[in-house]
Structures are given as structure tokens and as C-alpha cells.
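If you read the sequence shown in full-length UniProt numbering, its first letter stands for residue 1, the second for the next number, and so on.
If you are wondering where the hints come from, they were derived from the structure by calculation, not from laboratory data.
Just so we're clear, the structure is a prediction, and the values are computed from it rather than from any experiment.
Take these hints with a grain of salt, some might be off.
[Said to hold, decoys possible] Restraint ranges, calculated between C-beta atoms of paired labels, are given here: (1) Thr25 with Gly94: 26 to 34 Å; (2) Ala66 with Val158: 53 to 61 Å; (3) Arg24 with Gly179: 14 to 22 Å; (4) Ser41 with Leu192: 50 to 58 Å; (5) Ser178 with Ala66: 29 to 37 Å; (6) Gly94 with Leu159: 36 to 44 Å.
Every residue gets a Cβ at the ideal spot worked out from N, C-alpha and C, and that includes glycine.
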Amino acid sequence: MGRLGGALALALQAKRWPVRIHSRTAAGRQRAEALGLKAASPADLKRARVVLLCVPDASVPSVAQALSTTLPRTAALVHTAGALPLDALGTTRGRTRGSFHPLCAVSSPHDSLAGSTVAVSTPSRALRDVLRRMAADAGLRVIEVPEAHRAAYHAGAVLSAGGLVSLADAAVAALGASGIPPADALAALLPLMHSALRGLETRGLAGGLTGPIVRGDSGVVAAHLEALPADVAPLYRLLSLGEPPGAAAASECAGGRHAGLGAGLLYRQ
Numbered sequence: 001m002g003r004l005g006g007a008l009a010l011a012l013q014a015k016r017w018p019v020r021i022h023s024r025t026a027a028g029r030q031r032a033e034a035l036g037l038k039a040a041s042p043a044d045l046k047r048a049r050v051v052l053l054c055v056p057d058a059s060v061p062s063v064a065q066a067l068s069t070t071l072p073r074t075a076a077l078v079h080t081a082g083a084l085p086l087d088a089l090g091t092t093r094g095r096t097r098g099s100f101h102p103l104c105a106v107s108s109p110h111d112s113l114a115g116s117t118v119a120v121s122t123p124s125r126a127l128r129d130v131l132r133r134m135a136a137d138a139g140l141r142v143i144e145v146p147e148a149h150r151a152a153y154h155a156g157a158v159l160s161a162g163g164l165v166s167l168a169d170a171a172v173a174a175l176g177a178s179g180i181p182p183a184d185a186l187a188a189l190l191p192l193m194h195s196a197l198r199g200l201e202t203r204g205l206a207g208g209l210t211g212p213i214v215r216g217d218s219g220v221v222a223a224h225l226e227a228l229p230a231d232v233a234p235l236y237r238l239l240s241l242g243e244p245p246g247a248a249a250a251s252e253c254a255g256g257r258h259a260g261l262g263a264g265l266l267y268r269q
């Protein structure tokens, strides 16, 4: 049992869900016991209604297959992987399948999930209702992701988290070009990034945007492109061209200045 499984189990147990933990290893069972969670007995497995597979993505098919020989046919299998299709849970006839993917980074089983969002996918209305109740009791907001669009959903999730870290790395490299050590650069940039996220939260995509693109400062943008390291400049250009359509409307600059700025970005590619 990993950190996400522990956090979900503790949140649901606190709301009086009859949570049981099934682990194939002694270490997993010991971790569950240390958290105050009960191990699943063979009788518990035979009575199970919903089984969440909180395992690494690569392990989902094999774990699902192993459990299918033990669980009753009426037990639903649900994985917590963002990218995997429901077919990863097997194609046993009559088996209800679903996914329950919390959009949050869990560093400890004691982390609260409240306030985060969970993506739910299942063709079963009954299972969808159960997963929605689980989400509500864990303090999670629910979005439903159509099975056909799971890859696009997960790519967006990765961009918002891992992409943000990669963007910070590029910004640190840009400050490094001016002689600022990486640790000092990151310490300087983090408050700025936090303020950008707060603006995004309160004013939305277009309203939270600031900087030379919004102001239409083509001279500043051109100077940036000249000064940036060769491996960072293309990212700056791409992000600038991809800024939200509402950015120009939110600015006090004339449309012509924005059009000229975009042409300048393209010209320097």
C-alpha cells in the first residue's frame, strides 16, 4: 500500500466506510497496521463490493487478474491511475470497472485530500454513484472523464504539475545567464510563481496574466529572446505565442501592437 492508498483509506475510514487493506507483502500489511487500518481477511474479500487498486500503473493488469480469481463477480474493480484505460482491469464478462484518479501529489498517507479534484470514469451508473459518495466523504471535487479522452486529460494534469517544474527549471537557467546561482534564482522565483498562481486562482486565465506580452512591449520581448540561453529561448517563444486569447483583450494595448509582437516572435523562429 502506497501513500495515495493510505491517504484514501484514512479519509474514508474517518467517515465510517468499512475499509479493509489487502496487500501481497508483509511490509504492506505492516504499513497498514501502523496507520490503524485493518487487513482484509479471506471472508472480507468474498464480501467486497468495491476494490480500489492503489498500485503502480504497470502493476494494475497483473493485480486485477490475480484478484479476479478471488473476488465475487459482483465486486467492482477500480484503479487510481490517470492514464490507464479501464481495459487494464481486465475484460472479465460481468465485472464492473472504473477509475478514481485524485489530482493531487500525496507525500504522506497522512496528507489531506480535501479541496483537490478526482477524475472519475465508469460506464456503470451504480458504481459512479458510489465513487461520487467516496469523493464527497474524502473532501474531493469530482470531474468525469470520458474513456476516449483519458490520454488528453492525463496530459493536461502532467503539464500542470511536472510542466510547472520544468518551466521553473528553464526560468532558473535564464537567471543563471545573468550570473545568479541556481539556489538563489529559485528562491527569487518561487514567490513570483506563487503570486502568479494566486492571480490565476482569483482572476482566471486571461485576468491572471501579466508581463510584456499583455502590455504589448515588443522591444522587451525582442531583448528577452536575444539574451536567453539557446535552449530556453524557444520555450519562451512558444509560451508567448500560446498565451490565452483573452490576454490581448485584458490589456490596455491596441490590437495592432499585439499583432506586431506576434509577428516578431514568428520572425525570430
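In ascending order, which of the hints set out earlier in this document are inconsistent with the structure?
2, 3, 5
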